[in-house]
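Number of protein chains: 2
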Amino acid sequence: MAKVTCDMSMSLDGYIAGPRDDIKQPLGECGERLHEWVYTLESWRRLHGLKGGEINSDSELLEESIKSTGAVVMGRRMFSLGERYWGHNPPFHNPVFILTHESRSSLMKEGGTTYTFFTGKIEEAIKQAKEAAQDKNVSIAGGANVLQQCLERHLVDELQIHLVPVLLGNGRKLFEHSAQRGIELRPERVVASPSVTHIRYRIIK
Amino acid sequence: MAKVTCDMSMSLDGYIAGPRDDIKQPLGECGERLHEWVYTLESWRRLHGLKGGEINSDSELLEESIKSTGAVVMGRRMFSLGERYWGHNPPFHNPVFILTHESRSSLMKEGGTTYTFFTGKIEEAIKQAKEAAQDKNVSIAGGANVLQQCLERHLVDELQIHLVPVLLGNGRKLFEHSAQRGIELRPERVVASPSVTHIRYRIIK
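Chain order of the listed sequences is A and B. Residue numbers for the first sequence follow this note's numbering, so the first one is 1 and each next one is one higher. Residue numbers for the second sequence follow this note's numbering, so the first one is 206 and each next one is one higher.
Just so you know, the hints here were simulated from the structure itself, not pulled from any lab data. We put the beta carbon where it would ideally sit given N, CA and C, even for glycine. A couple of the hints might just be wrong.
Stated by the list, open to error - To give an idea of the chain A side of the interface with chain B (calculated C-beta under 7 Å), a few residues:
1) Ser80
2) Gly82
3) Ser178
Claimed, not checked - With the Cβ distance kept under 8 Å, some of the chain A side facing chain B (calculated, not the full set):
4) Asp13
5) Ile183
6) Leu185
7) Thr197
8) Tyr201
Stated by the list, open to error - Below, a list of computed lysine-lysine pairs in the DSBU-like style, where the Cα atoms sit at most 35 Å apart:
9) B/Lys208 <-> A/Lys173
10) A/Lys173 <-> B/Lys410
11) A/Lys205 <-> B/Lys208
12) B/Lys332 <-> B/Lys272
13) A/Lys3 <-> A/Lys173
14) A/Lys121 <-> B/Lys332
15) A/Lys24 <-> B/Lys332
16) B/Lys410 <-> B/Lys256
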């Protein structure tokens with residue numbers, strides 16, 4: 001049975017993007033620092049059609065997420081910011097369901113990525129993504145508001161935070177509503193690498 | 206040589222107290238949840254003159270902080286909120302330097318705690334605390350604004366975050382100024398207990 005998971009790189013002060021994120025700088029000011037830990041990894045580079053890279057506890061952990069994912073759900077804003085950057089052969093290699101208010105035809109990309117635009121309820125998008133993922137997991141790619149909505153609707157099984165030791169001071173927060181206050185999390189696994197602390201939480205429903 | 210350290214229990218969304226913290230509820234609404242992990246520990250109970258309690262990785266880690274501390278620095282607001290609760294035999298058992306704008310005579314309490322009110326610069330308070338601590342560490346007890354000021358002035362050597370798997374949604378944030386953006390942290394040790402993730406960062410100056 002597919003689980004619904006989410007992997008997020010977050011600064012120690014709770015941001016997943018720096019301030020003024022837009023199409024020119026999708027991660028906002030200084031937001032690149034949140035993802036520096038992945039760019040050198042073999043598993044990340046392979047996903048992006050690049051050769052070489054480091055094999056270590058970080059790359060193994062990323063590989064684990066890649067292998068277990070069978071479908072992706074993301075918000076319209078994240079898609080708009082990332083589409084050009086991801087290009088003709090996007091790094092998802094899976095069906096991607098994009099939550100939007102405007103109907104639009106599906107797009108088929110190289111390497112197994114399809115973009116399906118979904119105008120219904122978020123619960124229905126997760127359900128369709130689960131069917132597409134078959135026995136693999138549905139990964140919530142973001143943005144923060146999509147994760148927040150999924151948490152509030154108790155749709156998430158696992159949340160893995162990659163806690164990056166930087167302070168951004170401002171930007172886009174991963175959590176920002178007191179509606180999430182009742183959500184119980186239980187740390188299930190912690191992997192401490194020299195650069196990032198990976199904490200996988202089970203969401204208690 | 207004494208190090209300047211800080212131990213903070215922080216929610217996954219970055220708060221060290223819930224909303225509406227005041228003298229009646231010093232930790233704010235739901236803020237008690239950030240400290241539930243310590244109340245049952247043998248080392249915490251002993252510090253508070255209580256018997257019994259659990260001995261586990263959490264209690265050992267707390268014991269380590271207790272043993273290495275020789276002086277404490279805190280803000281005036283934290284002192285005002287906590288003084289009544291800490292009582293005649295406060296849990297510090299060390300000289301405590303309170304940063305304030307109003308001169309006031311020192312107070313000598315039972316069990317080795319002295320309260321000294323310091324109206325000078327924060328750098329001077331840290332210097333005096335270092336002298337008092339001799340070869341032990343100076344611990345910044347809080348509040349968040351005192352830690353922030355110390356970080357911005359590069360006065361902190363180690364910051365240990367006890368990352369508590371709760372979402373408060375609102376309250377008093379540990380980090381809240383972009384002035385901290387340039388501060389570099391390096392994770393030095395991670396202890397994963399069933400309830401809390403303890404991450405000790407070295408502050409790179």
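Checked hints:
1. Ser80: Interface hint status for A/Ser80: violated (26 Å vs cutoff 7 Å).
2. Gly82: Violated, about 24 Å.
3. Ser178: Hint on A/Ser178: holds, closest Cβ of chain B at ~3 Å, below 7 Å.
4. Asp13: 4 Å, holds
5. Ile183: A/Ile183 check passes; min Cβ-Cβ to chain B is 6 Å, inside 8 Å.
6. Leu185: 4 Å, holds
7. Thr197: 6 Å, holds
8. Tyr201: Holds, about 6 Å.
9. B/Lys208 <-> A/Lys173: Satisfied, since the Cα-Cα distance of roughly 32 Å is no more than 35 Å.
10. A/Lys173 <-> B/Lys410: Holds: A/Lys173 and B/Lys410 sit about 26 Å apart, inside 35 Å.
11. A/Lys205 <-> B/Lys208: Outside the cut-off at roughly 43 Å; violated.
12. B/Lys332 <-> B/Lys272: Distance of about 20 Å is within 35 Å: holds.
13. A/Lys3 <-> A/Lys173: Holds. A/Lys3 to A/Lys173 sits at ~24 Å (cutoff 35 Å).
14. A/Lys121 <-> B/Lys332: Given pair A/Lys121, B/Lys332 is violated - Cα atoms ~59 Å apart, limit 35 Å.
15. A/Lys24 <-> B/Lys332: 46 Å, violated
16. B/Lys410 <-> B/Lys256: With Cα atoms ~41 Å apart, B/Lys410 and B/Lys256 exceed 35 Å; violated.
Of the hints listed earlier, those the structure fails to meet are numbers 1, 2, 11, 14, 15 and 16, in rising order.
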